[in-house]
Structure formats: C-alpha cells, structure tokens
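Chemist: From first to last, the protein sequence lines are chains A and B.
So for the first sequence, the working numbering puts the first residue at 1; every next one is plus one.
So for the second sequence, the working numbering puts the first residue at 1001; every next one is plus one.
Bear in mind the hints are in silico, worked out from the structure with no lab data behind them.
Check before you lean on any hint, since a few could be wrong.
No more than 25 Å apart at the CA atoms, straight line, and that leaves these computed lysine to aspartate or glutamate pairs for DMTMM-like [to be verified]:
1) B:Lys1453 - B:Asp1340
2) B:Lys1688 - A:Asp135
3) A:Lys44 - B:Glu1815
4) B:Lys1089 - B:Glu1043
5) B:Lys1243 - A:Asp190
6) A:Lys44 - B:Glu1563
7) B:Lys1663 - A:Glu31
8) B:Lys1634 - A:Asp135
9) A:Lys99 - B:Asp1660
10) B:Lys1130 - A:Asp135
11) B:Lys1468 - B:Glu1240
12) A:Lys64 - B:Asp1200
13) A:Lys70 - B:Glu1031
14) B:Lys1634 - B:Glu1662
15) B:Lys1664 - B:Glu1816
16) B:Lys1070 - A:Glu207
17) A:Lys162 - B:Glu1043
18) B:Lys1114 - A:Glu207
19) B:Lys1374 - A:Asp135
20) B:Lys1377 - A:Glu207
21) B:Lys1641 - B:Asp1660
22) B:Lys1665 - A:Glu207
23) B:Lys1665 - A:Asp41
24) B:Lys1262 - B:Asp1200
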Amino acid sequence: MMKLELNITEKENPAVVRYLEYEEPPVQMVELMRYSGIPIDAAKRILANPFAPESEVLLQRIGKVISLSKGQFVYKVGFLSGMLARDEEGFPILPVPQKSENLRKNLRDSEAYVMFAATVGSGIDRLIRRFEISDPSMAVFFQGYGAERAESLCNRFCEEVKQAAEEKGFTMRPRFSPGFGDLPITVQKDFLERLDASRRLGITLGESCLMSPSKSVTAFIGLERKKEPDRDGI
Amino acid sequence: MNILEFLKDNFVILDGGMGTLLQEAGLQPGELPERWNVSHPEEIVRIQKAYFDAGSNVVLANTFGANSLKFEEEELQTLIRAAIANARKAAAESAGIQEKFVALDIGPIGKLLKPYGDYEFEDAVSVYAKTVRIGTEAGADLIFIETMNDSYDTKAALLAAKENSGLPVFVSNAYGSDGKLMTGASPAAMVAMLEGMHADAIGANCSLGPEQLIGVIEEYLEYASVPVLLKPNAGLPRSENGKTVYDVTPPDFAESVEKLLKKGVRITGGCCGTTPEFIKAVSKKAKNLSPLPLTEKNRSLVSSYTHAVEFGGAPILIGERINPTGKKRFQQALREEDMDYILNEALRQQDAGVHVLDVNVGLPEIDEPALLEKVTKELQAVTDLPLQIDTTDTVAMEAALRCYNGKAMVNSVNGKAEVMESVFPLVAKYGGFVVALTLDEDGIPESAEKRVKIAEKIIEKAAEYGIKTKDLIFDPLAMTISADTKAALSTIQAVHSIRTELNVNTSLGVSNVSFGLPSRNIITSTFFALCLEEGLSAAIMNPYSAEMMNVFYAYKALHNMDENCMEYIDYASKLPALQPVAGAVGQGSGAGNGSLKTGSASSGSDAAGGKDALSPLQNAIVRGLKEKAGNLTKEKLQNEKPLEIIQGDVIPALNIVGEDFEKKKVYLPQLLMAAEAAKAAFEEVKAKMGSSEENASSGCPIVIATVHGDIHDIGKNIVKLILENYGFAVSDLGKDVPAQTIAEETVRLHAPLVGLSALMTTTVPAMEETIKLLREKAPWAKVCVGGAVLTKEYADSIGADCYCRDAMETVRYAEELTKNL
C-alpha cells in the first residue's frame, strides 16, 4: 500500500490524479442494517440478541448476502489535492467550475482541498438486480450492504486524508458531494472527467447524472490550517 | 505489405505511451489531446517519429477519444484526418527501415451501456461506426480498439469496425488487478467473444505492468488461436514530488515482455508511463527471438459477460425450462410479457446447477424477434450464465445474437442446405457455438452411420463460412422408445461414432427418449448416464429432476472429474433426508385437517415466534418463511377453497405485518420477506385456480413507474410487490419511463391510480411533467408519488394527489381510493 500524499504546499502541481486500491474494510453491521431500512436502535437490539427468532431470520439473510457478495467488490479511489484559491466573488476555484453558496460556506476557512471519487464496483449492482427478481428482501440487504461498503471505503480513505493533512498542519472538513445543497448534481460530469474516472475507476455517468456503478461516491473535502491549541474546543 | 501478412512470420512492435509525453509537451489538464492533431501537429509528429525511430512497426494515431460524443461532426472529420496524416508523416520522416503501419486508435466512449448504465448498445455501435468510417477513409492501415474495460462496449466497437470497414482489427482490453475487466469479464470470456467475431488479434493493455499482467496473458495464450497482444504500463504509478512516476525501468520492462514473447505473445508495445526508450529496449529483445508459430487451440467455448464455459471436458448442463412447449403457465407469461416469471425460471435453473440456459420464446401468435431480443437483454441483466439462443426464426436469432453480451450457443442448424445458408452467416458475423442436428432434407436417418454422414456434410459447409469445427456441437437426436424400442440404441451409437470418428462435441435433448412413458425421469436419467459413458459433452435437460442431477454428479465423481468428490459431497449434503419430510407434512396436514387453531397448537416451535393464535400459514407469512408458506398453502388447498385461504390466512397475516411496520415494530426487510412469503402462497393458489375467472390478478388496475431519466427502481419494486399482495393488478412500466408511455397505459387500463417514483432531484421535473400529461389525458386518475427526495410539500408543489412515504402508505391510499369503486 502506497502512503497517501497530499499536494498542499503552494508550489506543488495539483494536476496529478492519484489512484488507490484498498483491501476490504471490515463490515459495519449496524450500518449495513441501517442502510437496509432497520433503524439503529433496532439493529443494535437484533445484534445483541442474535438467537431471538426474529433476529435469527434477519441475520441469516444478512449472512447469506455477505457470503454471496464475496469477491464482488473492488475498493478504488481516485483523488487529487491542491491549494485553494478564490475568485473575485469569493467562490473557491476548483477543477470543477461552480458557483455554490453552500460549498463556499463549507470551504470558508479552508486553504486546501481534496476531491475524490470512490467506488466499490459494479458486481453489487448485478446482485441487487438479480435478487430484485428472485427475492426482493434480499435485494434490500444487498442494497444496504453495497451502501455500507461504499461508506466504509470513503471512511477509510478520509481517515488517511486526515492523517496526511495533520502531518502538514491541517484539519479536515466534512465531505461535500455534488447534489448537496445548491451544488448541482450536473457538476458530476466535470468532476469525473477531471479524475479520468471512467477509464481509471470504471465510474460512468448517465443522462440524469447518476453514477454507475451505483455504489460510488464523489466529494470535496476542505482542509483548514490547524487552529491554536487553546482555541481547539475538543 | 498488409499488417496481417507481416504478422504471420514476425513480431509486431507497437508504440508506447502518449498522454504523459503530451503533458510534458504542454498539454493542459482537461484539454482534449485530439485537438493537438491540428493545433500542435509538430509535437504529435515528433513523438510518433521517436516511436518509429525506436523500432515501432505500428503507431497509433492520436485518436483515442475521437468520437462524436466529444466532437461535432466537422471537427471530428478534421481531427481524425489530421491524426492519420501526422502519423504517416512521422513514418515517412523516421529513418527506421522496419515495416511501418498507422492504426486508427479507438478508446472507450465512456458510457456504461444498459442494463447497468443508460446508454443503448446500438447507440454505442453508431458512435464507434462514425470514427471507424472516417478513419478508414483517411487511410489507416488497421483499427486498434484499446483500453476497453467492459465486454459489451468492446463488442459494440468491434461490431462497428467489422460493419463499416474492411481493415484488420486488433482488440485490447484493460484488466484490473483481479484479472478481470471492470464489469467482470475474464480473459477466456473475451477470447471466446472476440475470436467468435473474427478480431484479428486480441490481448491486454494499460492498468498494470507486464509482470502483473502475466496471468491474464497466459490465459489468452491458452485459449486464443489468433495472435495475442500485450501493451502494458511501465509498472505501477507512485507519486514523487507531486509527479506521477512509474516503477519499472526500460530494461526491466523489456525483460518482462521478453518472457511473454517467448510464451507466444506476437504483438507488443507499452501504455501509460512508457516512452520511446522502453520501445527501443523491447524492440531490441524481439530482434533476438523468433516468434512461436500460431497454433489452433481447438477450445470449444461459449461465454457470458463474466466467464467462459468450455465443452469437451466435464459434461455441460443446458437448462431447458425457458421454453413454452407444453407449459401453459409459461405460455401465459410470454403472452403477458411477464418478465419476472421468465427471469425467475432462469435463476431457479442457475441455482439448480446448470451451466448454460436454453432460451426459446417461440409461440405462434407473438412477435418472436422483438420478444427474443427483449428476453435476451433481460436475462443477461440478472444471470451470468451463457445463453443458448433457441429459435427457427433467423430474424429473431440475429436480433438476439446481436444484443448478446458474449458468445452464445445457437440452437440450431441441421443438414438442410437452406437452414445452413441462413444460420451460418449469422454465426460467422456474431460468433456462436452451434448445435447441429443430424437430420436433413430426408429426415432423421435411423442408422448411426447416416447421422455421422450428415455431421460430415455440416462440418464441410460450416468451413465455407469460416466456422471452425470446434464451434460446432452435434445433436444426433434422441427419439422416444415408446414408438420404437431400438431408437435409444441408434442414438447412443451415433453419440459414440460422432465423438470417436469425427472427434467433435455432442449434445442431446435427452428427455425426448421417454416421451409417452410413465415415470419418465427413470428412463431419461438412465439414458443420460449411458450417453455420458459414450462421451456425450452436453445435455439439454430439466435441472429440477433429482434423477438427472444424481446422474450428473455421480458421473463426474466416478470419472475423476470431481476433485476429492467435493462437488458430489456438497450436492449430497443438500439432498432432502431420505425419511418422509416429517416436519413439513405433519404441520401441513394438521393445518389442512382442522381449524386454524389446531394447526397453531400443533406447531409449538412456530409459536415461539411470539405470534400466538396464528395459523401455521399465517405464522409462516408473518415470519417471512417463503418455502414453508408455499408448502402449507399447497397442503391447505387439498381441503379448502383458494379464496378462503387468501381471505382467512394470507390477508390477515399481511395485515399484521403491515400494522407492525406502521407501528415501527418490524422494518422494511421483514415487510418484504412477509410479502414474498405471501406471494409464494398466492402462486400456489394461482396454480390451483389456473386461468379460471377467480384469477387473483383481476383486482383494480394501478399503473406504476419510475419516471424518465431515473434508473433507480428498488423502491418502486417494493411498492409493486406489496400492492400485488393486497390484490391490486399492478401494471409496472419499469424505470426511466417517458410521460407519454405512462399516460397511454393509464388510458388503456382506465386505471384509477398511478404511482410515480423518483430518486433524484434532477428527475423530479420529469415527474411533474408526467403529472401534467396525466391530468390532460387521464383526468380521472389520481397520482401518488414517492421516492427518496420527495416530501409532502414537494409532492404538493408538483401537483400530485398524494405523497406516500412508504409501500404501506401507498396500499392504504389505494384501498381508500378504490373502496367505493
């Protein structure tokens, strides 16, 4: 595994996109169940009483979903990073042209940024499709598992970004994705092209800007200069 | 000299990377490199000349992304012509004395095709076709399709090349570190499809370095009879001071490539990160080697979009159940285009263990070409088993072969000249593994010798179309022994002779042998065993027959085709215990004999679920036990009327779950599991009632669809399932449905309710538009909407009658609305 590096000092060239491939992150059962439509409290209750009759039926199905999905995932990320400049109106200048108030607000105190696309691949979409036909409740779990996998991949990547940023004296803002607030989903086109995502990650865009594979994520992350220790509220 | 002639006795050295060199020359991020053909021709010529100087025989013109999705027609023409001219100029200016060729370079168009994306296969073919025509007219020597990471997209590009140009075509795919394309295809699957479609050379490029591609290339060399090409990256990229550098040096690169040239690779060069220096090193190595002769590998393959299935080793099972012959329920499904039913039949056979699915949708009154194409597309969206296209209608056959994502089996040709002349051209164009029946104008010969003669005739004719014997599988025809007790002996003899004398594969529709006899499975499975012993390669069969599967697994174990008997042991462990199925029968008959309460009292373990006072069937539904619900219903049907079961058990059980869901005591997966269990009960009831007027689908019609532009349909599918459970006749128009289609269907059914779903903010306008059109064309219809982005306020603002947060709310609304109808 190559160590994640950020280009966030003034002189570095932000143009280079990097690609990473991860090992399988551990399964977050509560998240899997939450994405499958089971509220967190109930999921925790089920996991705490795995042999109760209701729990057993659900957990057996989840077990089956996980075993049928073996080998169906990839864990790929493409990203680039750079210092953040602003235009005359104060909008951040990013490799993707946009004028989003919400993004401006999100990146208000950021001096650098990361933009990334992550995907767990198309295998899970095939499984979802297959089980929608033969066993819809299983499809819901596959859907939930795929969402959990994508989330776990993003978390894993962001954890590394956080570490790399900290080494350079930065803290990380929450992720901000196309489609959030007033940042139109249509920026996906430029976003994915900039990362050469079709060729390198297999992420393509449909007419209405939906990504395929469906379990893919794109986002910006703002990086702020670390505040003075005494102002650090945590 | 033509590139193919040159290839016969020589290695072909390709060029190396282009992107990085253009960036070094000043190409900006986001700038389209193809524009440099006109704006910076001198840079392009300089780089390409360096490749020719380094020893390249083929330089790819700078046309990787030159397609009509990126450029307007006029600019596209200009750029491609300029690109070919630049490469020609580079060839002319280079001092190299080797043979030099210029290739039209074609990369992927960057659209994912249906069913996983939203781009039509035929639209992709048209986009590639434009580039092919311009490049061919501009004077390219060959077409080089490369970096394709999806098999369907690769097929579109190759088909476009073959249909619009006579130039040789090389096809190269980009494999991931798992040795597969991004959409799942293995190298063997690509070999099967691409050789079938007559690509002139095939192989891999990009993604990885030469060492990481060894496994992929070895698989190509094992299966491919055409020349294999390799154009790897300079290893893996890493970052150094903000720059991307690759970890393999030119000498190491050349050494790795040399190993693969020695194993049989014919065509080689470099991709990302490689420079003229790399090509020079490779070219030098190649000069000291002589190429291995190209050999016919004689591997009989069919493929899907993920994997290849090989004939000639362990026997191959071809599931026969997608076929309307003698199956009323299946015929009904075809007439109603009930895809779920057909797809379920496919998935059940897959679960039962078949390797290939026969697909026959021929009914006298249907539009077979349209339906076969539709079923083929739908099937390959849910199953990765290769398909056997089974039709006598060659228009339908072409439609299916064209849209098939892989190399299909073709069922069938026979010795009749007319049939061979209509089927073989299709196989020659689209690829295929053809079932050849040993009959001709004079019918089916009785003797084995005459059947062998017909087989020989078919082999000869196929060769005229360039179809190799390895792509034929002979069916010497099983006839029923109830009409002629010698019939099976002739067939068995013919299997033996064709196998041993002609050394080709054989297949049989085995079940014909027992037609007209009682307990047919006994005869059929024994016949199957006898034929396997004579070398039968494949059988078209019923995988739900335990006897047939017993023979299959036992045969493999006995013939040393099952390592450590693992497959057999696994199969045996899943067999039902040999005792009567005590549990199920006991509970079932309890329920059947007595009142609901008796059943409940006798099934203590079920009561442990906490749902007291429920009948066993209700309990099974509430707990989502599909199989049990089906079995219990079957038992009950012996003593109770179908509608009593629906009203007395199924609906009350669903209500319990529905109410629990609304009270948040159970959640979506449980609601769905219950719905599926109820559906299993319905299916039993339906089967019992047949097509009588009591048919369950006579409920109030509701039209549902995911609106135009949106391809998410899981929410809509859930609503459909639950609505059907509550007795509504749902017409599901699918996803990405234009407003016009929804309005037409609503008018046709005079449906009182339309349900629309949208997941994305971007598709809500399409929903609004649909509602407007419905108001105009079907003013009587109420419209309820749902989907992730919607809220009550949003729904009101686009003019919907009701916002339904989940499936149960939709049911409640529908019930409310229809109760007075």
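Chemist: What hint numbers does the structure not satisfy?
Modeler: As far as the earlier hints go, 1, 3, 6, 9, 10, 11, 12, 13, 14, 17, 21 and 22 are violated by this structure, in ascending order.
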